[in-house]
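With chain A's structure known, arrange chain B on it following the hints.
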Amino acid sequence: DTAVSQTPKYLVTQMGNDKSIKCEQNLGHDTMYWYKQDSKKFLKIMFSYNNKELIINETVPNRFSPKSPDKAHLNLHINSLELGDSAVYFCASSQEGVSYNEQFFGPGTRLTVL
Amino acid sequence: DAKTTQPPSMDCAEGRAANLPCNHSTISGNEYVYWYRQIHSQGPQYIIHGLKNNETNEMASLIITEDRKSSTLILPHATLRDTAVYYCIVRGVYSGNTPLVFGKGTRLSVIA
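Protein sequences appear in the order of chains A and B. Here our numbering is used: the first residue of the first sequence is 1, the next is one more, and so on. Here our numbering is used: the first residue of the second sequence is 1001, the next is one more, and so on.
It should be emphasised that the hints constitute simulated quantities derived from the structure, not laboratory data. Do not take every clue at face value.
For lysine-lysine, the following DSSO-like pairs were computed, each having C-alpha atoms within a straight-line distance of at most 27 angstroms [to be verified]:
{"#": "1", "chain 1": "B", "residue 1": "K1052", "chain 2": "A", "residue 2": "K36"}
{"#": "2", "chain 1": "A", "residue 1": "K9", "chain 2": "B", "residue 2": "K1104"}
{"#": "3", "chain 1": "A", "residue 1": "K41", "chain 2": "B", "residue 2": "K1104"}
{"#": "4", "chain 1": "A", "residue 1": "K9", "chain 2": "A", "residue 2": "K41"}
{"#": "5", "chain 1": "B", "residue 1": "K1052", "chain 2": "A", "residue 2": "K40"}
{"#": "6", "chain 1": "A", "residue 1": "K22", "chain 2": "A", "residue 2": "K67"}
{"#": "7", "chain 1": "B", "residue 1": "K1104", "chain 2": "A", "residue 2": "K44"}
All of these numbers come straight from a predicted model, not from anything done at the bench.
So here's chain A without its partners, still in its complex pose (with noise of 0.2 angstroms):
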């Protein structure tokens, strides 16, 4: 059983394209997260949903829309796709009340923009 789970797992696109990454999570978790990791590896979060509510914004361009239609799924709608949101994407999620929150991560899905 998966417990993060993200589709497509590659996704190769043109400029301008939009493009949505799907998460699914099957914890139970009421709080779920988008990371980006680029080409020098580093990660750092975009958004965080808390019951389907936004809770952490990141300066992140408006291109990028995440939408949460239940507690166990957080999508990511990406418009007008630019050279550099090639990265890795990961999705995670955590429950709030849990004595270490825990963060459970998903496979990443690898977005190439040509």
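Chain B only, in chain A's frame:
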């Protein structure tokens, strides 16, 4: 910004103990030390965490100095599958669901 300092890389012979240091000299009293690792092309994975006592689980041991300004993650018998980037993260005990702040980590290479 991450509040920890780690060496950029380390090597370890297979079967030997890997000792990964981390400095967190500005840690405050209510902050834990967490360790995650990222095996190539995979999502980060939780390893262990501690406040002030030494901790051990099935994956690793965590030794925290008495002044809590530094710690060491120990993989007792490193295998090739332990080759990964290891991240030391300081995080408040009441941080709730705040995101993790990753530094550059230590790239551990386990050599046969």
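Okay, the hints, checked on the actual structure:
1. B/K1052 with A/K36: At roughly 31 angstroms apart (the allowed maximum being 27 angstroms), A/K36 and B/K1052 break the hint.
2. A/K9 with B/K1104: holds (24 angstroms)
3. A/K41 with B/K1104: Holds - the C-alpha atoms of B/K1104 and A/K41 are around 8 angstroms apart, at most 27 angstroms.
4. A/K9 with A/K41: holds (17 angstroms)
5. B/K1052 with A/K40: Violated. B/K1052 to A/K40 sits at ~33 angstroms, over the 27 angstroms cutoff.
6. A/K22 with A/K67: holds (10 angstroms)
7. B/K1104 with A/K44: This hinted pair holds, its Cα atoms lying about 11 angstroms apart.
Figure legend: structure checked against the earlier numbered hints; hints not met, in rising order: 1 and 5.
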